[in-house]
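Chains as they are written, first to last, in my numbering: chain A, 9 to 109; chain B, 9 to 314.
In case anyone wonders, no lab produced these hints; they're calculated from the structure.
On a predicted model such as this, the values are computed, not experimentally measured, just so you know.
Taking lysine to any residue and the SDA-like style, the derived pairs with C-alpha atoms no more than 25 Å apart in a straight line are:
{"no.": "1", "chain 1": "B", "residue 1": "K92", "chain 2": "A", "residue 2": "E87"}
{"no.": "2", "chain 1": "A", "residue 1": "K91", "chain 2": "B", "residue 2": "G233"}
{"no.": "3", "chain 1": "A", "residue 1": "K65", "chain 2": "B", "residue 2": "G234"}
{"no.": "4", "chain 1": "A", "residue 1": "K91", "chain 2": "B", "residue 2": "Y87"}
{"no.": "5", "chain 1": "A", "residue 1": "K91", "chain 2": "B", "residue 2": "K279"}
{"no.": "6", "chain 1": "B", "residue 1": "K279", "chain 2": "A", "residue 2": "I60"}
{"no.": "7", "chain 1": "A", "residue 1": "K55", "chain 2": "A", "residue 2": "R40"}
{"no.": "8", "chain 1": "A", "residue 1": "K91", "chain 2": "B", "residue 2": "F54"}
{"no.": "9", "chain 1": "B", "residue 1": "K119", "chain 2": "B", "residue 2": "E105"}
{"no.": "10", "chain 1": "A", "residue 1": "K72", "chain 2": "B", "residue 2": "P236"}
{"no.": "11", "chain 1": "A", "residue 1": "K55", "chain 2": "B", "residue 2": "T90"}
{"no.": "12", "chain 1": "A", "residue 1": "K55", "chain 2": "B", "residue 2": "V133"}
{"no.": "13", "chain 1": "B", "residue 1": "K259", "chain 2": "B", "residue 2": "G165"}
{"no.": "14", "chain 1": "B", "residue 1": "K92", "chain 2": "A", "residue 2": "E54"}
{"no.": "15", "chain 1": "B", "residue 1": "K279", "chain 2": "A", "residue 2": "N95"}
{"no.": "16", "chain 1": "A", "residue 1": "K55", "chain 2": "B", "residue 2": "F143"}
{"no.": "17", "chain 1": "A", "residue 1": "K91", "chain 2": "B", "residue 2": "L93"}
{"no.": "18", "chain 1": "A", "residue 1": "K72", "chain 2": "B", "residue 2": "H224"}
{"no.": "19", "chain 1": "B", "residue 1": "K119", "chain 2": "B", "residue 2": "R62"}
{"no.": "20", "chain 1": "B", "residue 1": "K92", "chain 2": "A", "residue 2": "Q59"}
{"no.": "21", "chain 1": "A", "residue 1": "K58", "chain 2": "A", "residue 2": "K91"}
{"no.": "22", "chain 1": "A", "residue 1": "K91", "chain 2": "A", "residue 2": "D67"}
{"no.": "23", "chain 1": "A", "residue 1": "K65", "chain 2": "B", "residue 2": "F54"}
{"no.": "24", "chain 1": "A", "residue 1": "K58", "chain 2": "B", "residue 2": "P139"}
{"no.": "25", "chain 1": "A", "residue 1": "K58", "chain 2": "B", "residue 2": "K279"}
Derived, one-sided and incomplete: chain A residues facing chain B with beta-carbon distance under 7 Å:
{"no.": "26", "residue": "G43"}
{"no.": "27", "residue": "P47"}
{"no.": "28", "residue": "A50"}
{"no.": "29", "residue": "I68"}
{"no.": "30", "residue": "G73"}
{"no.": "31", "residue": "N95"}
{"no.": "32", "residue": "D96"}
{"no.": "33", "residue": "T100"}
Ideal Cβ positions, reconstructed from N, Cα and C, are used throughout, including at glycine.
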Amino acid sequence: MKKMFFKMMGVLGIWVLLSPFAMAAGVQYQVRVDGLACPYCAYGIEKQFKQIYGVEKIDIDLEKGIVFVDAADDVELSEDRVKTLINDSGFTYRSITREPR
Amino acid sequence: MPHHYQKPYSLASALVLGFLLGAGSLPAWSAPMTFNTALPVAEGEFITRIQGVRRQSGDDPSSADRDLTVNALVTVLGYGATPKLALFGVLPYLDKELRLTNEGQRVRRSKEGFGDLRLFGRYTVFQQDQPGRTFRLAPFAGIEAPTGEDDASDALGRLPPPFQLGSGSWDLFGGLVLTHQTLDDQIDSQLSVRFNNEANGFEAGDEARWDLSWQHRVWPRDLKGGVPGFLYGVLESNLVYQGKNEVNGIKDVNSGGTTLFLAPGLQYVTKRWIAETAIQLPVIQDLNGTALENDYIFRAGIRFNF
Numbered sequence: 009m010k011k012m013f014f015k016m017m018g019v020l021g022i023w024v025l026l027s028p029f030a031m032a033a034g035v036q037y038q039v040r041v042d043g044l045a046c047p048y049c050a051y052g053i054e055k056q057f058k059q060i061y062g063v064e065k066i067d068i069d070l071e072k073g074i075v076f077v078d079a080a081d082d083v084e085l086s087e088d089r090v091k092t093l094i095n096d097s098g099f100t101y102r103s104i105t106r107e108p109r
Numbered sequence: 009m010p011h012h013y014q015k016p017y018s019l020a021s022a023l024v025l026g027f028l029l030g031a032g033s034l035p036a037w038s039a040p041m042t043f044n045t046a047l048p049v050a051e052g053e054f055i056t057r058i059q060g061v062r063r064q065s066g067d068d069p070s071s072a073d074r075d076l077t078v079n080a081l082v083t084v085l086g087y088g089a090t091p092k093l094a095l096f097g098v099l100p101y102l103d104k105e106l107r108l109t110n111e112g113q114r115v116r117r118s119k120e121g122f123g124d125l126r127l128f129g130r131y132t133v134f135q136q137d138q139p140g141r142t143f144r145l146a147p148f149a150g151i152e153a154p155t156g157e158d159d160a161s162d163a164l165g166r167l168p169p170p171f172q173l174g175s176g177s178w179d180l181f182g183g184l185v186l187t188h189q190t191l192d193d194q195i196d197s198q199l200s201v202r203f204n205n206e207a208n209g210f211e212a213g214d215e216a217r218w219d220l221s222w223q224h225r226v227w228p229r230d231l232k233g234g235v236p237g238f239l240y241g242v243l244e245s246n247l248v249y250q251g252k253n254e255v256n257g258i259k260d261v262n263s264g265g266t267t268l269f270l271a272p273g274l275q276y277v278t279k280r281w282i283a284e285t286a287i288q289l290p291v292i293q294d295l296n297g298t299a300l301e302n303d304y305i306f307r308a309g310i311r312f313n314f
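Input sequences plus hints: build the corresponding full structure.
Structure (structure tokens):
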């Protein structure tokens, strides 16, 4: 019984330790945008990306002109699609990188 | 025609109220408070702005000692039809009050209600974007529909045309606006004209104006990532020329002229909303005859996007 308890606690401990990594799984796209120079304009871009299924979080660094898009693993943002989204927002697409989170 | 009917015609000569209170306050971006901008509206995005305006005119060169107060609540709704084409509607709610001396007695005339609806489109013809900066050029054109009441009366009879809530005519306006925006500053400049048409025997003089705006970020001094709120100090100028009004085909010599306003203000800009205020002070008023001069125009408003 005591062994069983320690085994269960061990499994639970491993699960607790690994869960943050499991939750952080996914990808982050970093999209460089030209022409973005005020807070109010940033919302137009945010709104365009929010329409994509699987996009979990959007952060914008106004000073660097970078849009950080956190998405699920299976979300694939092609360059063409991102270019269209940025264009629809009224700005100019520069580049995109994809990294695991 | 009673004497107090004649005088108010010249009141509109300095500046047509609708243009000053409405078309002159079109934008809904982080942008000038007294005119337009060339900044984008994302496709499918709505932006709205509600601005309270108080115009006071009381320095009357005539013996009528006219004192005019106009309070307005101007609502703007914009929509990004395409990345380059934005459509706008502007509807003012007006409360006009005129006090004047007529035959030795102080008379008060007033009217309140919705004014004329202004619809226009703006198309970006040139856009040059770089990291943290943009330069854009956008012509715009629109029409003012006679939705406001133009045959209102009070105890003294029919209100003169400038004090009606609407002009009664379909009027056209258009212009060109350029915007240069960086993370630190924004400069907007606009040239525009307005062609007024006749209704009820009255035709307001056509107008031309040149507007300039400079916005400077005063806080935060340094950017440290994210999308912080910006506090802008704003200085705008409006050079407005209006031709003489026509009453039953005859030019009103006590109407029209040139005014230069300077407008210092403050604007706080976030990602979803903007709060702003400015006061337009006339620094030059070269008006014809006994046209009533402006004392000030105060503006305060808020904008949202959704």
